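Turn these sequences into a full structure, and let the hints steer you where they fit.
2 protein chains.
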Amino acid sequence: MNRSVFFISDGTAITAETFGHSLLTQFPEMEFRQIRLPFVDSPEKAEDALAMINRAAEEDGVEPLVFNTIVDRDVGSILDRGRGHVMDMFGTFLDPMEKILGSKSSPQVGQAHGMRDKDSYEDRMEATNYALTHDDGVTQRLDDAEVILVGVSRSGKTPTCLYMALHFGVKAANYPLTDEDLEKPRLPNFLRKHRKKLYGLTIDFNRLSAIREIRRPGSKYASLRQCRFEVESAEALLRAEGVAILSTTHASVEEIASRILVELGLQRELF
Amino acid sequence: MNRSVFFISDGTAITAETFGHSLLTQFPEMEFRQIRLPFVDSPEKAEDALAMINRAAEEDGVEPLVFNTIVDRDVGSILDRGRGHVMDMFGTFLDPMEKILGSKSSPQVGQAHGMRDKDSYEDRMEATNYALTHDDGVTQRLDDAEVILVGVSRSGKTPTCLYMALHFGVKAANYPLTDEDLEKPRLPNFLRKHRKKLYGLTIDFNRLSAIREIRRPGSKYASLRQCRFEVESAEALLRAEGVAILSTTHASVEEIASRILVELGLQRELF
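Chains as they are written, first to last, in my numbering: chain A, 1 to 271; chain B, 1 to 271.
Treat the hints as calculated values from the structure; they're not laboratory data.
Treat the hints with care, as some may be off.
Which copy is meant is left open, so a pair is good if it fits within one copy or across any two.
Derived lysine-lysine pairs resembling BS3-like cross-links, with alpha carbons at most 27 Å apart [unchecked claim]:
#, residue 1, residue 2
1, Lys197, Lys184
2, Lys196, Lys45
3, Lys184, Lys220
4, Lys45, Lys197
5, Lys184, Lys196
Since the model is a prediction, treat every value here as computed from it, not as a measurement.
Structural data, given as C-alpha cells:
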C-alpha cells in the first residue's frame, strides 16, 4: 500500500514540495506516491485538486497527505472538504506571526518564487552568464570571479557554479586540472594570484571512473588507474597550495554550493 | 526598526529560507533583516546561533523571528531558550504526521537537499550537460531534447533551460531567433519537425532593450526599434506556427520553468 501525497500551491509548489519532502524523509520505512499540483489559484482548480485527492483516497484505500501552501484562504479551504489530511503550511505559521508582529498579513500569491526584486533577478542572470563564459577554464581572466572551483574533469564543478549563479547570484568560475597541471608542483600563476577565491572539489576515484565510463566507455580517461592518479595528484596539489577541498561523492549540488559560500564568507540572501 | 529573522537548519537551510521568505512576503509593509545559518548540527553550533539571536534582540530592540528546521530535537530545542520567537517548522508537522501515518519518525538530518537518489542526481547532471551543449542554437540535432525553447536573444531561454536541468533533470535545448529567421514565414525545418517540444519565450520590448543596453550600450542590437521589431516578429511567427508563448517580463525562472513543464506534460518529481 502506497499512500498518496499532494503538494498543492497557487505558485510553483516548489516550496510545498521541498518542505514536504524533508518531512516525508523522516519516515524512511514508508513509501509514498507524490503528486505536485502547481498554479491552483482559483476555486475551480481547487475543486479539481479536491477530486484528485478523493480519487486517490479511493484507489489507495488510505487517506492522502496534502501539503497546502495556497495563500488565498477561500481557495485553500476548499481542500479541507476532501478525504485528505491537510497540512496548512501557511495558515499554521501566519496566525502566530500576526500576533508576534502585531500586524495583519495581506495575501500575496506565489511570492516564494515570484520575481520580487528586479535587481536580484538581474544579478542572477548576470551571474549565470558569467558562469557560462567562465566555465571549464575557457579564460584565464578571473578578476571578476567571486569563487573559482578547481578539480579534475567530472568532479562536479560546472553544476555547482551554475547553482551558485542561479540561486545566489554569485559569479563562479571553474578550472579543470589536466594531466599537465598535475605533473607540476604548483598551480598555474593565473590561479595562484586568486588563491583566496579558490575552492577544490574532489570525488572518490571509483565513482569518478563510473561517471566517466558513461561518457567515454573503455577509455583511458575513464580507467580506474587514470582516475586514481588524477584524484590523488589533485588532492596533493591543492593541499600543498593551502586550498580547501570538499568531496562531492556523497553531497548534493545544493549542499556543496552552500558549504563553499559559507566557508568563503559569501553568504547571500537566497532569491 | 528592522526586525531580525533567522533561518536555521542542520542542512543547507534552503528549505527554511525559501519557506520563511514566502511567509514574510505576506507582511509587505514590514522590513526584515534576514540571516541564514546553515549546517547547525551540534549543540555547540546551536549555542552560537542562540548567542546571535540574543545579540540581535538586544541591537534591534525587538525579538527576532526564528525559522527552525533542525531535525535533531535536542539540538533544535536549544534555540527555544533564547529571546527569539521560534517557529518549529519540523516539529509542528511531524507530530500530526506521526498520528496520521501511525508511525514514529526517525530523525534524518539534512535530507531536503541531500543526495537521496544517485540515479536522480545523475539524471540532473546529464541534463545539465545536455543544456550546456544544446544552448543558443549551437546544434540542430535535437532528437534527445524534451523541451526546445525558442525566442529572441536575451528573452530568458538559457537560465530557464539550466533551471529545468538542475532541478527537474529535464533535457532542455534552446534556439535564438535571428533577424534571418524572423524575415521568413516559417520556422527552420529542424525546429518544425519537433513542434510538440517547442515552447516560445517572449518579453516586453522595453525591458528587452534595457537588458540589452547593459550588454551593448548604444548598439542597434539594444535599440528600442530593433527590440520591438524582433519581439513583434517572433510572436507573430510563433503564433503562426501554433507554438505556445510565455512572457518572461514579470515571471521568475522558477515560474517559467514550472509552467512550461506542466503545459508540456513533463511533470517531474523535484530532486
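- Item | Hint numbers contradicted by this structure | No numbers; nothing is violated.
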